[in-house]
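Student: Same order as they appear, the protein sequences are chains A and B.
Each residue of the first sequence is one higher than the one before, counting from 1 in my numbering.
Each residue of the second sequence is one higher than the one before, counting from 1 in my numbering.
By construction, these hints were calculated from the structure, which means they are not laboratory data.
Glycine is no exception: its CB is placed at the ideal position from the N, C-alpha and C atoms.
Be careful, since some hints might not be right.
What the hints assert, rightly or not - Which stretches of chain A does chain B cover? Using the computed rule of at least three CB atoms under 8 angstroms from a CB of chain B, they are:
hint, region
1, 15 to 23
2, 38 to 46
3, 95 to 106
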Amino acid sequence: AAGVIQSPRHLIKEKRETATLKCYPIPRHDTVYWYQQGPGQDPQFLISFYEKMQSDKGSIPDRFSAQQFSDYHSELNMSSLELGDSALYFCASSLTGGQPQHFGDGTRLSIL
Amino acid sequence: QKEVEQNSGPLSVPEGAIASLNCTYSDRGSQSFFWYRQYSGKSPELIMSIYSNGDKEDGRFTAQLNKASQYVSLLIRDSQPSDSATYLCAVNLPSGGSYIPTFGRGTSLIVHP
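Take these sequences, add in the hints, and give me the full structure.
Tutor: Here is the structure:
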């Protein structure tokens with residue numbers, strides 16, 4: 001069965017650079033979520049989209065933005081990167097809000 | 001205090017035993033409760049979902065929800081070394097008319113042969 005696809009798998013950036021992470025949800029899933037997980041931490045909810053509209057916002061820094069496109073893929077844009085942004089970034093999708101989320105393999109972002 | 005609390009462990013059980021993982025949450029209005037398993041460096045994998053009070057069984061896994069006491073638990077029967085992982089409890093907490101998915105810090109489970 002098709003799963004959530006994230007790209008890239010690994011990304012290395014320097015401070016103050018920008019990064020774009022991509023997520024392709026499971027077909028027919030209408031809700032996409034983004035999470036940030038630091039080492040030894042639980043996944044922190046950043047933002048979610050339902051039917052291409054932002055639905056909920058969590059602890060997403062103002063330097064980050066996200067959108068969902070007409071084909072339902074989503075992108076997380078990160079600017080003015082800081083050392084503390086180094087983390088695993090997961091995208092998840094669900095059939096609709098409140099339903100079980102299926103996670104992608106994540107993007108490991110390292111800031112030098 | 002975190003809104004979703006779990007004992008970080010590690011919880012160590014012998015192979016074949018029952019592992020019991022617990023989770024409490026802060027808001028009575030919470031809906032939709034999930035257990036995920038996460039191996040180190042990998043993504044969370046859905047184990048169980050539960051929405052109403054009582055027990056829900058799926059193979060070796062049983063989720064239990066008690067909304068009055070605001071806890072949800074996961075029992076793993078006949079534990080195997082491959083079950084060794086971090087188990088994350090996730091709760092949809094009410095927030096401004098909507099629900100925010102909120103994870104606990106996870107319980108590390110070690111199943112020893």
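Student: Next step is simple, just say for each hint if it's right about the structure.
Tutor: Hint by hint, here is what the structure shows:
| no. | hint | verdict |
| --- | --- | --- |
| 1 | 15 to 23 | violated (count 0) |
| 2 | 38 to 46 | holds (count 5) |
| 3 | 95 to 106 | holds (count 10) |
Hint compliance for this structure: hint 1 alone is broken.
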